[in-house]
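Enquirer: Residue strings, one per chain:
Protein chains: 2
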Amino acid sequence: MRGTKTVSGEARAPASRNASAATAPTQFIKTPLETYAFRRFGGGAALPLVCLQHFTGTLDNWDPAVADPLAGGREIILFESAGLGRSTGDVPTTVPAMAAHLLAFADALGLSEVDLLGFSLGGMVAQVAALERPALVRRMMLVGTAPEGGEDIMHLEKPELSRILGDSTLKGYQVLVKLFFTPSEASQAAGQAFATRLMARTEDREPVSGPKVAQAQVAAFRAWERVDGERFAKLRRITQPCLVVNGVFDNMIPVRNSYFLAEHLPNAMLLTYPDAGHGSLFQFHDSFVQQAKLFLDA
Amino acid sequence: MRGTKTVSGEARAPASRNASAATAPTQFIKTPLETYAFRRFGGGAALPLVCLQHFTGTLDNWDPAVADPLAGGREIILFESAGLGRSTGDVPTTVPAMAAHLLAFADALGLSEVDLLGFSLGGMVAQVAALERPALVRRMMLVGTAPEGGEDIMHLEKPELSRILGDSTLKGYQVLVKLFFTPSEASQAAGQAFATRLMARTEDREPVSGPKVAQAQVAAFRAWERVDGERFAKLRRITQPCLVVNGVFDNMIPVRNSYFLAEHLPNAMLLTYPDAGHGSLFQFHDSFVQQAKLFLDA
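Protein chains in written order, with the numbering used here: chain A, 1 to 298; chain B, 1 to 298.
Derived from the structure by calculation, the hints contain no laboratory data. These numbers come from a predicted model, not from an experiment. Backbone N, C-alpha and C fix where the C-beta goes; we use that ideal spot for every residue, glycine too. There's no promise every hint is true.
Derived DEER-like restraints, expressed as beta-carbon distance ranges [what the hints assert, rightly or not]:
(1) B:Pro183 with A:Glu132: 24 to 34 angstroms
(2) A:Phe232 with B:Glu230: 26 to 36 angstroms
(3) B:Ser162 with A:Gln215: 32 to 42 angstroms
(4) B:Asp286 with A:Phe232: 51 to 61 angstroms
(5) B:Pro183 with A:Arg133: 26 to 36 angstroms
(6) A:Glu160 with B:Glu230: 13 to 23 angstroms
(7) A:Gln174 with B:Glu230: 28 to 38 angstroms
Going by beta-carbon spacing under 7 angstroms, a handful of chain B positions derived as facing chain A [unchecked claim]:
(8) Glu151
(9) Leu270
(10) Pro274
Start from the sequences, fold in the hints, and give me the full structure.
Expert: The structure is reproduced here in structure tokens:
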């Protein structure tokens, strides 16, 4: 795997306790399904926090300002699902198939109980994992995401999104600065700080996702929007404590989807941030980390 | 005033630092408008927190489990508006007229800058006070409340509310247990604990509000629901940091009013609690106090 080491579930690598999302080495683990890239760092008494990434995001998209402070009290495990970055296989076109990759990864690493941070698409994967394997998931943070049967999920053809995605002057992370943050001066400044933090990782980076990844994930969003049977009924079966978080001006997965989650999950607190979009956890990283610690350590 | 002392704005009483909502003596202050009953207790470096009460509530309706821990870091001032309890005058039929009483009270006490905790009707009064006298209000907690132009505010004729209000078997605080908490076992148990805490105050209690109070306050709710001009436009002028809190199953002032607040106030965080109604702050008092301290001490 391009010079990086492969670990087995048995020979589990110790957490690199002083590492950061910016420097933690990429590792690889072979499972019956695929071989997944991942990073683990930090440590502490709390359960590991497995982090599930957004649309087209790779391991490199985890903001050190969010991941590093949380790594002070627990191990952080960043997971790269099939077909992303240097993980093998194809990106599935449904969320349940993505959740199967997460479960294969957890089994191979020998993880029996974890907390989950699911951002955007990752929050959908987290919900399915909690339904499929309730004993694995102790607590979940569901950020900028939606329940199955949610509304207006990642419609990239909407004018406010297609304008940004079609702007050829926006290079690299500048697309995310526009997509994840609001047009206000304060939010855009937070977005630039976020982009700078993501660039702090200079080596051992993942290949950037291409159109094939985006296409498969969009198909998964379309399937996730469908209402089968009683709307939101599955949420009642997710009894884990959840912290639902979003910005009130999220254009990618509007905040009403977070309202649906908080109103239908039996044990979810909702937290929304003002003047914030899809990337509210990166914009308000200090507050988010504080709230995440309160929630995870409760 | 029935044997309790009257203070003037100049001869301001020192906070009774070891007191509680259950034991703080009722005091009275004469102002150009009316003479108001109030209680003050606690103390610390932070600004005083002035607490504004709900529909028909008096000074006796403040839960010691919420007020007392907050009094550890700041003075708590419970305000009784005109026509309530032993305050003189009539209950106004509009929220702005209620806010005028709050401002007269603050002026008489010599308060130049405070934080506000406005619950339900009290949250509406807080919003008007922040608009009328922005310099007075540093930060606001708006719990179980609605913006001007909000929806379905305290329609006591709704079946789910009239059933409770018309149930002659519900005595004393048992009405609040049904109104403020959900039907779940956990929420009802929290409601009984709340009722017990309110009864911890055995002396120096306020007279219970009668139908005349309710009638005037309901008139104020009807006026508050009206949309004049651009809906929610006034919220843009409330630039203070706000913490909006509600239970997702509030039958009295539904949670969508909290969504309106969080989406239109420029600087508001929203927090909602699961399996909770109008009295979410009393049900989740430990979490609420923790969040309130984080917010007020930020």
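Enquirer: Given the range 26 to 36 angstroms, decide if the beta-carbon distance of phenylalanine 232 of chain A to glutamate 230 of chain B lies inside it.
Expert: holds (33 angstroms)
Enquirer: Assuming the hint says 26 to 36 angstroms, is it satisfied by the Cβ distance from proline 183 of chain B to arginine 133 of chain A or not?
Expert: holds (31 angstroms)
Enquirer: Tell me if the interface restraint on leucine 270 of chain B is satisfied: Cβ within less than 7 angstroms of some Cβ in chain A.
Expert: holds (4 angstroms)
Enquirer: Closer than 7 angstroms between Cβ atoms is the bar; does glutamate 151 of chain B clear it against chain A? Give me holds or violated.
Expert: Where the cut-off is 7 angstroms and the nearest Cβ of chain A is about 15 angstroms from glutamate 151 of chain B, the hint is violated.
Enquirer: Holds or violated: the hint that proline 274 of chain B contacts chain A, with Cβ atoms closer than 7 angstroms.
Expert: Holds, because the Cβ-Cβ distance from proline 274 of chain B to chain A comes to roughly 5 angstroms (cut-off 7 angstroms).
Enquirer: Could you see if the CB distance from glutamate 160 of chain A to glutamate 230 of chain B stays within 13 to 23 angstroms?
Expert: At 22 angstroms between Cβs, range holds.
Enquirer: Within 24 to 34 angstroms or not, the Cβ separation of proline 183 of chain B and glutamate 132 of chain A?
Expert: holds (31 angstroms)
Enquirer: Can you tell me whether the CB distance of aspartate 286 of chain B to phenylalanine 232 of chain A sits inside 51 to 61 angstroms?
Expert: violated (28 angstroms)
Enquirer: Between glutamine 174 of chain A and glutamate 230 of chain B, does the C-beta distance stay in 28 to 38 angstroms?
Expert: holds (34 angstroms)
Enquirer: Verify the CB-CB distance for serine 162 of chain B and glutamine 215 of chain A against the hinted window 32 to 42 angstroms.
Expert: violated (54 angstroms)
Hints 3, 4 and 8, counting from the list given before, are not met by this structure.
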